[in-house]
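K.L.:
Chain by chain, the residues run as shown.
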Amino acid sequence: MSVKAEPGPGDIRRTGASKPLVEVRHLKVFFPIRQGFLVEREVGRVHAVNDVTLGIEQGETLGLVGESGCGKTTLSRAIMRLVDPTKGSIRFRGEDITEAGRRRLEPMRREMQMVFQDPFASLNPRKRVGQIIRMPLRLHGAPRDEAPDRVRELLRRVGLHPEHANRYPHEFSGGQRQRIGVARALALEPSLIVLDEPVSALDVSVQAQIINLLDDLQDDMGLTYLFVAHDLSVVRHISDRIAVMYLGKLMEVSPAQELYSKPIHPYTSALLTAIPIPDPEANRRRGRVAAGGGGTPRGGVAVVGGEPPNPVDPPSGCVFHPRCPRATELCREVEPPLARYRGGHLAACHHPLNVSREETVATTRDPSSPLSAGDVLPDGAAAEGSLGTS
Amino acid sequence: MSSGPLLTVRDLGVSFTAEEGVVRAVDGVTFDLLPGEVLAVVGESGCGKSVMAMTLMGLTRFPNARFEGTAHYKGLELIDAGEEELRRIRGAEIAMIFQDPMSSLNPVMRVGEQIIEQIQAHEGVPATEARERVAQLLDRVGIPRARDRVDAYPFELSGGMRQRVMIALALSCGPSVLIADEPTTALDVTIQAQILHQIQSLRDETGAAVILVTHDLGVVAEIADRIAVMYAGRIVEQGTVNAIFYDPQHPYTWGLLGSITRVDRARPERLPAIAGLPPSLADRPEGCHFRPRCPHEFDRCRDVPPLVARIDGDDDHLDRCWLPVEEKRERREVRPGEIGLGRKPGAAAA
Ligand SMILES: Nc1ncnc2c1ncn2[C@@H]1O[C@H](COP(=O)(O)OP(=O)(O)OP(=O)(O)O)[C@@H](O)[C@H]1O
Ligand SMILES: Nc1ncnc2c1ncn2[C@@H]1O[C@H](COP(=O)(O)OP(=O)(O)OP(=O)(O)O)[C@@H](O)[C@H]1O
Ligand code: SF4
Ligand SMILES: [Mg+2]
Ligand SMILES: [Mg+2]
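Sequence lines, in order, name chains A and B.
Just so you know, we're using the numbering used here here: the first sequence kicks off at 1 and counts up by one.
Just so you know, we're using the numbering used here here: the second sequence kicks off at 1 and counts up by one.
Be aware that a few hints might be false.
Incomplete in silico selection of chain B near chain A, CB under 7 Å [to be verified]:
1. Q99
2. I191
3. A221
4. E222
5. I260
6. L271
7. L277
Chain B is faced by these chain A residues, among others (derived, beta-carbon under 8 Å) [as the list claims (entries may be wrong)]:
8. G159
9. G175
10. L202
11. R236
12. V312
Simulated from the structure, these hints should not be mistaken for laboratory data.
Glycine is no exception: its CB is placed at the ideal position from the N, C-alpha and C atoms.
Use the sequences and the hints to build the structure in full.
P.N.:
Okay, structure coming up:
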């Protein structure tokens with residue numbers, strides 16, 4: 001066990017060059033839980049986002065993944081200022097918008113757009129799709145006669161037929177509604193688009209089309225994306241970096257490719273091995289579902305088992321420890337800081353995977369670590385026993 | 001387990017009158033659902049999977065909708081059954097997990113009450129017992145703090161948790177047919193495995209049959225027995241899981257399988273996708289619906305290819321493509337473990 005001093009000015013950005021477009025510091029979003037019959041009182045708080053520090057660079061795509069309920073949507077909504085942070089700060093283009101009111105946010109709304117996870121709930125059922133897409137254009141003063149052309153062009157870009165503009169949202173399939181959300185977000189040519197599960201409802205071919213489209217738009221217009229997904233197979237293609245979240249905290253932040261070849265955190269590694277393979281024979285050999293998803297490693301696959309965590313009363317130490325196959329006494333007691341590995345790869349784990357002894361010895365505590373994390377960095381000896389994945 | 005099919009669907013057609021014309025969302029869909037089997041329905045977004053599934057539950061009877069064909073369940077004709085009869089069956093005999101959890105849960109009602117309501121509508125159990133059952137169900141589908149969540153409102157739950165509530169609701173009365181429309185789309189892979197396991201145990205314990213609508217071919221490979229591939233309202237190919245994955249006959253199926261991104265493979269420069277758009281269902285191409293996007297299209301494709309067995313000795317593998325079987329096997333691109341859309345012999349590489 002080694003305790004290392006805080007390094008010099010470090011940051012979690014991909015390159016040190018420019019200021020990130022979005023900067024989130026020690027952000028916490030807690031939801032009160034109230035109970036009681038006549039007089040409601042607060043009996044606890046859901047720790048939806050629990051001390052997250054993160055930067056999104058202009059023009060990059062940051063993938064955000066993690067299991068259901070870990071706080072991805074809440075973090076996204078906080079960045080969009082659609083939910084109020086409990087603590088911490090959010091900056092957009094260097095300007096602190098944590099406390100900004102409606103008036104100050106107004107001009108920024110045009111620059112930040114969001115594609116919502118639940119496409120149906122976010123589309124007004126009484127408006128035709130053309131009107132829905134036109135709305136942001138109108139609000140922000142686009143000339144009236146240009147709008148219809150623009151709507152047709154946007155529909156075409158997301159793979160819908162221009163004549164669909166006259167339909168109501170309920171007349172579309174799930175995947176089509178999702179694309180309407182994408183078209184609406186693109187309408188104003190914003191600089192940041194937060195995409196909350198934008199392709200989970202789409203078949204693989206349309207998924208590929210949308211991802212290719214987002215790729216092209218990024219090249220054409222220099223867009224910045226925060227791309228939220230719950231599984232790792234989708235985000236790989238589009239992301240420059242990927243952040244893995246668990247129970248309101250960041251577990252790992254890595255250059256995209258490296259996350260797949262070299263997952264450092266046991267949770268990431270579990271997520272990777274749990275991805276179903278579209279090959280019946282290979283699956284039969286693996287037996288992921290046969291194992292009940294319940295932890296018993298079968299056919300060499302360990303699916304994360306154990307009780308799903310409780311965000312009201314998060315576990316002590318490393319929040320992942322109750323479900324982690326590598327957990328030790330240390331993990332139960334001390335919260336691991338985000339340690340910085342080679343190439344700007346960060347991971348919060350006392351017993352990292354896939355890293356050599358030298359690399360482990362050279363780690364430093366990243367300043368984006370939660371304030372509650374200890375100073376204990378993984379020592380080289382622990383790395384010896386690394387379970388290789390792949 | 002009885003021998004005959006649980007559900008027999010013949011030439012099912014659903015059209016909607018919309019401003020742009022008549023939208024033919026489902027066209028000549030025919031299949032049998034056997035007890036204890038998992039039939040996966042896959043296909044392009046917007047090809048009619050949900051409309052087909054909801055029609056079986058009598059949930060697409062909009063004023064602008066028209067129906068053709070039949071769907072028999074235990075002697076009952078579902079397509080023109082009365083509302084009263086459908087209500088008796090819905091939830092108890094045939095249950096559905098909806099693609100859109102938010103619009104199918106009542107936003108102003110606690111999630112537990114919604115499930116209790118369904119249990120009590122079909123079984124005369126006392127409230128306390130129903131409540132206990134709900135807590136157990138929520139726990140079974142992997143909702144943390146299940147006992148507290150009985151009293152939560154839908155907006156207090158994350159997207160994935162709402163989906164799990166829907167799944168608990170569907171399982172609450174032990175149905176004999178479960179129609180699951182994208183049940184695990186909103187869920188991460190670890191919870192997904194749990195849910196699929198539960199669907200499997202429902203099947204194993206009660207012999208229930210499952211229609212699983214999904215675009216996740218990994219999930220299909222894992223739990224389906226048979227697959228129906230849909231394109232623009234029609235089933236274009238149908239067969240066992242192995243037949244579809246390892247000997248696919250329809251060029252759309254090749255394209256679909258070829259678009260899969262696999263984390264266990266190198267990352268391609270650009271994701272492979274089938275070029276072009278699916279047809280507007282109000283203005284479909286004559287003949288084979290895939291024709292405008294198919295690199296193998298020829299004269300004959302202007303006639304509608306019937307869904308029939310085309311491989312000698314395999315009566316269960318059906319498809320709608322005019323190409324001779326040998327030709328198909330030659331043209332599709334097969335790399336180890338991968339299938340591609342292929343191209344017409346002599347055509348330049350894309
Ligand atoms: N308005 C709210 N009131 C109370 N709790 C909430 C509220 N919104 C979210 N939560 C809780 O906060 C946690 C994080 O929710 P969030 O929607 O951010 O998760 P997520 O990562 O987006 O999950 P999913 O993948 O299922 O969409 C969950 O435990 C959820 O129940
Ligand atoms: N009420 C309606 N009026 C007009 N058209 C409709 C209506 N409902 C659905 N449609 C159209 O019918 C087609 C089939 O829709 P359906 O929801 O079944 O697609 P799906 O295969 O489930 O797609 P996804 O994978 O995106 O959910 C779509 O093209 C849709 O636009
Ligand atoms: S810190 Fe410990 S419990 Fe947490 S992921 Fe690493 S090994 Fe597992
Ligand atoms: Mg979410
Ligand atoms: Mg659907």
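K.L.:
If a hint holds in the structure, say so; if it does not, say that too.
P.N.:
Structure-based check of all given hints:
1. Q99: 5 Å, holds
2. I191: 6 Å, holds
3. A221: At 4 Å from the nearest chain A Cβ, A221 (chain B) passes the 7 Å test, so the hint holds.
4. E222: Holds. Min distance 5 Å.
5. I260: 5 Å, holds
6. L271: 4 Å, holds
7. L277: Since the shortest Cβ distance to chain A is 6 Å, the answer is holds.
8. G159: This interface hint holds because 6 Å falls under the 8 Å limit.
9. G175: 3 Å, holds
10. L202: 5 Å, holds
11. R236: The hint holds - R236 (chain A) has a Cβ within 8 Å of chain B, the shortest such distance being about 6 Å.
12. V312: At 7 Å from the nearest chain B Cβ, V312 (chain A) passes the 8 Å test, so the hint holds.
Violation of the numbered hints given earlier is absent; every hint is satisfied by the structure.
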